Amino acid sequence: MSTYDQVEIEDMTFDPDTQIFSYPCPCGDKFQIFIDDMFDGEDVAVCPSCSLMIQVIFEKEDLVCYYDEAGAQPPEPIAVAA
Amino acid sequence: MLLQDGSLYMTGDNSQGQCGWPKEVTHTIGWRLLPGKFVDVGCCWESTVVITAKGEVQSCGKGLKGELGLGPLVQRSELSTVMQLNTTNGSVHCCLHNVCVQDGAELYGWGANTKCQLLAPKSRYLNTPTLIHKGTSITQVSLGKNFLCFVDQEELTIQGTASDFLPAIVQEFEAHKPCVQFHAMWSSLHMLAPGHLASFGQGNHGQLFKDAVPSAITSWATGSEHGVLCVSRQDVLCWGWGEHGNCGRLTHDVAATAQLPDENDYSNQVSPLNLVYTCGSDPTAAVYKCYGGCATTWICIQHN
Chain A
1 MSTYDQVEIE
11 DMTFDPDTQI
21 FSYPCPCGDK
31 FQIFIDDMFD
41 GEDVAVCPSC
51 SLMIQVIFEK
61 EDLVCYYDEA
71 GAQPPEPIAV
81 AA
Chain B
1 MLLQDGSLYM
11 TGDNSQGQCG
21 WPKEVTHTIG
31 WRLLPGKFVD
41 VGCCWESTVV
51 ITAKGEVQSC
61 GKGLKGELGL
71 GPLVQRSELS
81 TVMQLNTTNG
91 SVHCCLHNVC
101 VQDGAELYGW
111 GANTKCQLLA
121 PKSRYLNTPT
131 LIHKGTSITQ
141 VSLGKNFLCF
151 VDQEELTIQG
161 TASDFLPAIV
171 QEFEAHKPCV
181 QFHAMWSSLH
191 MLAPGHLASF
201 GQGNHGQLFK
211 DAVPSAITSW
221 ATGSEHGVLC
231 VSRQDVLCWG
241 WGEHGNCGRL
251 THDVAATAQL
261 PDENDYSNQV
271 SPLNLVYTCG
281 SDPTAAVYKC
291 YGGCATTWIC
301 IQHN
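These protein sequences, in sequence, are chains A and B.
For the first sequence, our numbering gives the first residue as 1, with consecutive numbering after it.
For the second sequence, our numbering gives the first residue as 1, with consecutive numbering after it.
Treat the hints loosely; a few may be bogus.
Label-pair restraints from in silico Cβ distances [as the list claims (entries may be wrong)]: (1) A:Pro48 with B:Asn204: 17 to 23 Å; (2) A:Asp29 with B:Pro272: 23 to 29 Å; (3) B:Lys23 with A:Ala81: 51 to 57 Å; (4) A:Glu69 with B:His27: 40 to 46 Å.
Think about it this way: if two alpha-carbon atoms lie no more than 27 Å apart in a straight line, the pair counts; the simulated BS3-like pairs of lysine-lysine are [stated by the list, open to error]: (5) B:Lys23 with A:Lys30; (6) B:Lys23 with B:Lys37; (7) B:Lys122 with A:Lys30; (8) B:Lys62 with B:Lys115; (9) B:Lys177 with B:Lys134; (10) B:Lys122 with A:Lys60; (11) A:Lys60 with A:Lys30; (12) A:Lys30 with B:Lys115; (13) B:Lys289 with B:Lys37; (14) A:Lys60 with B:Lys115; (15) B:Lys62 with A:Lys30; (16) B:Lys289 with B:Lys210; (17) B:Lys54 with B:Lys177; (18) B:Lys134 with B:Lys115; (19) B:Lys62 with B:Lys122; (20) B:Lys210 with B:Lys177; (21) B:Lys62 with B:Lys23; (22) B:Lys134 with B:Lys122.
Keep in mind that the hints were calculated from the coordinates and are not lab data.
These numbers were taken from a predicted model, which means no experiment stands behind them.
The beta-carbon is built from N, C-alpha and C at its ideal position, and this holds for glycine as well.
Next comes chain A alone, as it looks inside the complex:
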């Protein structure tokens, strides 16, 4: 899967209310990705108005301060019965 660009997490904007990171898309809309999805390993942010995507460059520990800012906790692992 090819992405339009790679963007470092420090260049994205974090909304503590929605817990979504966003970054300007050249179509005029915004790439978006939910912090819990990033915590679970997702690193591709998508634009709701076009086909472009960006890869977000981050380490899992980078997310801690954003969870603190939002007053939230990372998702708990879900136990799966055998």
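Got chain A sorted already, so can you dock chain B onto it with the hints?
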């Protein structure tokens, strides 16, 4: 849209106050005149920067990374003074950060600075106008999403991510100066000289120009990720990322598609140089200038 008499018209999204209207006006479809007279205007992501006829640099809208240049203030729906120039000879240049030229000699910048696009060392942002260069004859300024390019006394400076391409750009610039014009897309820089158009940077959506350069280019511009050329004041051609129809269609046979002739049929997502408009059969019309926006192409036509 700034007219030659200094009248400034705004249209579009005002949800963050970026058009300078009260916040109750979330958007407008038609053009609305802003009170006052202006000498320049630039559009950042969710904010606007103007220079008034009295030399005041003003901004409005929203900018979480210092884009308003108003210190810690991140949102303002009325134009507010960022700085006072000592002359009305100024210009503003905006992308995801902002630059203002005072009297062709001083360059002030504010906004995101994580890639040293404004100043070294890197910082998250500069939220007030900061002197980033003092020279004598700044003739060109172009901004990508995280770089800055300017020419002062025929010396080229590039800051931020595009500096990775500096040796190649300088080589081309030295070979063609002083007849060189720069324009930037968000992630690439383009250099036009007589009979020559060179591109540097990201090209994964056709942004880098690879076609034969048309003769008699009378106007050119770049949008977020596409370019626009006007030839002989008659034909307008585009190249680059064209997903939204901003580079025209590749299927010119109307009967072959279900769409209307002017509708985007998504046939041209990565566009070669493609004719999007011609004055053609109208002898009274000529293309005055062309502009590029976010996946949009703007053509200004003069009727004699």
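Practice prompt. May I ask which of the numbered hints given earlier this structure violates, with the numbers listed in increasing order?
Written response: The structure breaks hints 4, 17; every other hint is satisfied.
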